[in-house]
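Protein chains in written order, with this note's numbering: chain A, 1 to 349; chain B, 1 to 386.
These aren't lab readings, by the way, just hints derived from the structure by calculation.
A couple of the hints might just be wrong.
[As the list claims (entries may be wrong)] Only part of the chain B face toward chain A is listed, based on derived beta-carbon distances under 10 angstroms:
1) Y119
2) I195
3) L235
4) G369
[As the list claims (entries may be wrong)] Straight-line Cα separation of at most 30 angstroms, DSS-like style, residue types lysine-lysine; simulated pairs:
5) B:K109 / A:K149
6) A:K143 / B:K109
7) A:K143 / A:K120
8) B:K163 / B:K109
If you're wondering where the values come from, they're calculated on a predicted model, not measured in any experiment.
Just so you know, even glycine gets a beta-carbon here, dropped at the ideal spot from N, CA and C.
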Amino acid sequence: MNARARRHARALDLREGRIDMNHGSGGRATTQLVEELFLCAFDNEWLRPMDDQARCDMPPGRLVVATDAHVVSPLFFPGGDIGSLSVYGTINDVAMAGATPLYLTAGFIIEEGFPLADLKRIADSMAAAARVAEVSVIAGDTKVVERGKGDGVFVTTTGVGVVDRALDIHADRARPGDCILVSGSLGDHGVAIMSEREHLSFDTHILSDTAPLHGLVKAMVQSVPTVHCLRDPTRGGLATALNEIADQSGVGMRIRESALPIRAEVRAACEFLGLDPLYMANEGKLIAVCPADRAERLLAVMRAHPLGAQAAIIGEAIADPLHFVEMETAFGGNRMVDWLAGDPLPRIC
Amino acid sequence: MKFIDEFRDGRIAASVARSIHGEVMAGRTYHIMEFCGGHTHAIARYGLPELLPASIRLVHGPGCPVCVLPISRIDAALALARDARVMLCTYADVMRVPASRRQSLLTAKAAGADIVMVYSVRDALSVARAHPEREVVFFAIGFETTTPPTAAAILEAERTGLKNFSVICNHVLTPSAIQSLLDSPEVRRVGGVRIDGFIGPSHVSTVIGSRPYEFFATEYEKPVVIAGFEPLDVLQAVWMLVRQINEGRCEVENQFTRAVTREGNRKAQALVGQVFELARTFEWRGLGEVPYSALRIQGRYARFDAERRFGLAIKSVPDHKGCECGAILRGLKQPQECRLFGTACVPDNPLGSCMVSSEGACAAHYAYGRYRRDVVPLQHASRSAS
Chain A
1 MNARARRHAR ALDLREGRID MNHGSGGRAT TQLVEELFLC AFDNEWLRPM DDQARCDMPP
61 GRLVVATDAH VVSPLFFPGG DIGSLSVYGT INDVAMAGAT PLYLTAGFII EEGFPLADLK
121 RIADSMAAAA RVAEVSVIAG DTKVVERGKG DGVFVTTTGV GVVDRALDIH ADRARPGDCI
181 LVSGSLGDHG VAIMSEREHL SFDTHILSDT APLHGLVKAM VQSVPTVHCL RDPTRGGLAT
241 ALNEIADQSG VGMRIRESAL PIRAEVRAAC EFLGLDPLYM ANEGKLIAVC PADRAERLLA
301 VMRAHPLGAQ AAIIGEAIAD PLHFVEMETA FGGNRMVDWL AGDPLPRIC
Chain B
1 MKFIDEFRDG RIAASVARSI HGEVMAGRTY HIMEFCGGHT HAIARYGLPE LLPASIRLVH
61 GPGCPVCVLP ISRIDAALAL ARDARVMLCT YADVMRVPAS RRQSLLTAKA AGADIVMVYS
121 VRDALSVARA HPEREVVFFA IGFETTTPPT AAAILEAERT GLKNFSVICN HVLTPSAIQS
181 LLDSPEVRRV GGVRIDGFIG PSHVSTVIGS RPYEFFATEY EKPVVIAGFE PLDVLQAVWM
241 LVRQINEGRC EVENQFTRAV TREGNRKAQA LVGQVFELAR TFEWRGLGEV PYSALRIQGR
301 YARFDAERRF GLAIKSVPDH KGCECGAILR GLKQPQECRL FGTACVPDNP LGSCMVSSEG
361 ACAAHYAYGR YRRDVVPLQH ASRSAS
């Protein structure tokens, strides 16, 4: 590393410097950016040779791949940033197959003029998140676009993992009678992002729940391998994720409002913004659908894990040819929980 | 959440619902119009109809500002937004209201128009200050609740010498809309639409007070109960209305005593009086031209009036053929009776304005109540009852 850093006449100015078009030219400036910023942050045996590809060994099982583009605004928010989000967001998608994530690749589209200090902060945050999640960033790419043609930085990550061949967790496996569980409080990420939104800053103690979920998933599938579906309710929140599962599985769903874990602060913020916490994004929560006779067992395992302490059984899948998601309101009535129409938020993940 | 959860308590709801069940007379139906979109939303969101006896029919009224906005006003805003000097600021819901030629402010924004979604008129003032080189136009909509803030913003712009700020005023008046409904042939005709009483506006009434409704109670003999927007408020108001109807009383009662007085907010009224005057007529979607039903900016603040400042032409445009928004806004039809409902017209791609705002009858019903399949058409119900 140090030998490489010395190849360049002057080190990158990571305090005052900014990205310019040279950093995306593919020439020396690009190499310097990759070496002094990204390689420094992600250093590992696969990245170090600076090849155009990484070659890695895979343990036995089926390969699981997921990709996610992250365009969050603002880039830094209470409880996280685009860096940690781009790691956890993608490995959570891998984990929702019941898989163990192993490797990540990362593509950066950076806007001309973007501060190197911010880029370093993002790369360091990604590296820290990858360490927490025990995955390695093994390949990457950087591109620079002219000022005004990007929004600071966009990060696309692809996650690779393996899943035991015996596990069969799919969003089309919910069956009437199955129980629906969530791993914890809903809407934290969405409200944390909202609180930083332009024109709308408000003080809140709510932090984004950005977190890697594969540890929780591992505990869940070890104890209850017959889990039917897992999904992380990110964009569009619980309501959207439930509608997706209902649609893919060809079932209806009934949930109980009084069973939903939602923080008082999140409810309050949603109340005065006129939003519904059911549609607020989460980045460290999951929904599980499992056979009713395994639900209590699954709940106990989830609650025993730090990321599932607030887990709850929130309802059940039912037979419904229209695949509606319905909710028994705490008030005593019933209502539909429909797909999200329009976008209540700026870009949130 | 303190002061919120108390008004959403399921146990109290069950007990009020029992009282309503005990109050309704056998063989009688009760047609209650909730004027406000806020009530429509609460009714759908909390599943209120299921708590009520089948003999109580809640009829949605025209009190959703987005829903009553005619195509012509959005067309005018669109024309203005295409002017490269202009930054058009407005509330989120307005962005999706369908205008002519399948256009909306959202499609115009995608095509490059500078349209800014704001949460309040104060944000529009900030945008104007931040962009002195641009013409910042606030597309103001709403009933009496949002009117005082618009007045305050115009006064502030004048006081601070803000020269690049103006307003397209679409502020409309609740009492005029109620009167227009009660005067409509469908309501006056024997065997037509029945309205036995009104759930009176919540936030609007905090500004105008309860007094303006007394006219409807005495002249039209319609009981009015002003209610808050929380589900228990609505339930209690229904109970109070059923009692009035049973006892043959036609009074203005105030369920929302924690916020509404008879006189209303005098300071807000004074602000409105200082800046606005009655417009001779205004086009409402669903109600057509309604005399003296909206406000316009007074001549002395003409430079803040975008209609005058840019010489905007407001040209009336008919609604989409087959769209029943007009009938729905007058309480003549329910959303499910529109053949476009849920097929060609959905919240993601609204053809009519009632499908746009979450306060719109169609959007509320689509989002929350679509699973209920036991819809009795209003007109049949009213005929059998009369």
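Comparing the hints with the structure gives:
no. : hint            : result
1   : Y119            : 6 angstroms, holds
2   : I195            : 23 angstroms, violated
3   : L235            : 9 angstroms, holds
4   : G369            : 7 angstroms, holds
5   : B:K109 / A:K149 : 17 angstroms, holds
6   : A:K143 / B:K109 : 28 angstroms, holds
7   : A:K143 / A:K120 : 16 angstroms, holds
8   : B:K163 / B:K109 : 24 angstroms, holds
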